[in-house]
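Undergrad: Line by line, the protein sequences are chains A and B. Each residue of the first sequence is one higher than the one before, starting from 3 at the first, in the working numbering. Each residue of the second sequence is one higher than the one before, starting from 3 at the first, in the working numbering.
No wet-lab data here; the hints were simulated from the structure. Everything numeric in this text was worked out from a predicted model, so none of it was measured. Treat the hints with care, since some could be wrong.
Intra- or inter-copy, both count: the list cannot distinguish identical chains.
The calculated DSS-like cross-link candidates involving lysine-lysine, where the alpha carbons are at most 27 Å apart (straight line), are [claimed, not checked]:
#, residue 1, residue 2
1, K129, K65
2, K245, K103
3, K174, K45
4, K245, K166
5, K8, K45
6, K103, K45
7, K14, K129
8, K245, K259
9, K16, K45
Number of protein chains: 2
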Amino acid sequence: MKDSQKTLRDKKEKIETYLASLPRGEQDLLHDSMAYSLNGGGKRLRPALFLITAELYGDDGAKLMPFAAAIEMIHTYSLIHDDLPAMDNDAYRRGRLTNHKVYGEAQAILAGDGLLTEAFWLMASLKADYPAERVVSAIALAGDLAGIGGMVRGQTADVAAEGKALSLDELKAIHNDKTASLIRLSLMSAAILVGADAADIEKLSAYGLSLGLAFQIVDDILDHESTFEELGKPIGSDEEQGKTTYITLLGAEGARKAAREAAEAAMAAAAALSVEADVLVDLAESLLHRRK
Amino acid sequence: MKDSQKTLRDKKEKIETYLASLPRGEQDLLHDSMAYSLNGGGKRLRPALFLITAELYGDDGAKLMPFAAAIEMIHTYSLIHDDLPAMDNDAYRRGRLTNHKVYGEAQAILAGDGLLTEAFWLMASLKADYPAERVVSAIALAGDLAGIGGMVRGQTADVAAEGKALSLDELKAIHNDKTASLIRLSLMSAAILVGADAADIEKLSAYGLSLGLAFQIVDDILDHESTFEELGKPIGSDEEQGKTTYITLLGAEGARKAAREAAEAAMAAAAALSVEADVLVDLAESLLHRRK
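One chain only, chain A, in its complex shape:
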């Protein structure tokens, strides 16, 4: 069994170094407002999954960094817009002031727009090193899963669900769209770019769906149990706002069981890949033990 935590740390380090050089261009207000959130820490789970997947197929990721960064940019833009007063109205994210608290609402909207657009520029820049067919396919997948075929659809459902009680199926659908979509994108786009076959890409999609679900359930558990210092944001805020969570639906014990089942489904999908993927198996297992 590979130690996925060490692998994640290694990838995170590479990603942090690369992200620190972004975005390109002058260090003006737009640059600073984008860089503030992009370089504000975080687990870097999505780009790490992207690089780990590429490595499964023998690609060391050196020339894939723009795409890895693009995925993190999409994730970051979604957090900036999510935190806005009109949306979740959050003042803190990862223990720091949110973008609009530092740069104002107008600039935070634009920083998000800039990150989302720049993400596609970065993806397209891979044409120098990878077959254009694969690059376009990966971009198409990003346009779908980050947008109306995934993340933005989930965000819309989440906003519409505010103050309403959700069923387990409704909650899962929102999380599949909001959280699992970008995780699936990370895994699948790497496989597309390095030329993996369609069967493996499907298995990575299934892995990402289950991993995303496990991740979100663990998030709810942590929101319920952690301290501000551990998590870097206010605790129990979801429940206080009357949001349906896996805790409110299943209770703490039921949520832990559901997280384990989702992690096991992910592990099975990873084990079925045509390549050895112990690191993905271990990662799904270790997700259950994360503290933030």
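Guided by the hints, dock chain B onto chain A, whose structure is given.
TA: Here is chain B on its own, set in the frame of chain A:
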């Protein structure tokens, strides 16, 4: 001399029909909020320029419609975000309520995010009919000109300039980024997709820069002179807000002269193309006479 107005009307009709089928997927809240602004009229100048340019090189545009629609989606998202309370706080656009007045701020932000992301999905969908290398190049250009290399940069400068007096150079720089970038994208991406040579692509870039400038100056003139009924939005609002415009810098007569000079520069660039482009020449000329 070709009648560019008839050509524009023909293209607009095709575009309207195509846009009415978008976005793909279920007719849910996200779909409706995106479609509301996408199908809210407008000149469709950008996708029309895109189709006109493709036609100069012998492409009838039938399989280019997704890309034409993508450009209009980017334009539309920028208007939705621009109209938000945190930005220009506009209640009307093209004589209709703005997106956030109908769907609320949160959904308007998401409708914009959805349109921007879907635009890249649509662009990438061209891989079925055009060489992948060209499609990726066109996407890279869109990622640059719609983002930190163009439109979003201009939007940032525009917000930052609020309440400040601008020099003519500063005002031009903002308009080049805010307005001319998408016009250049429309012309250049069509040329890239149909395989035009690099020299023509550069000339189209120059044409777009001058046309965009002329367009913006005429906008300022119309904002100064028109009625609500003609324009579909409040009149003189820029000047009332203390914004620097070509009118405040050059006066009405000076602005008309500057518009003419810009249009003539555009006409010269179009005339220098390797293909007959009378329609672009006529379009630059007729821009000076538009009433809305």
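Undergrad: Any of the earlier hints contradicted here, and which numbers?
TA: none
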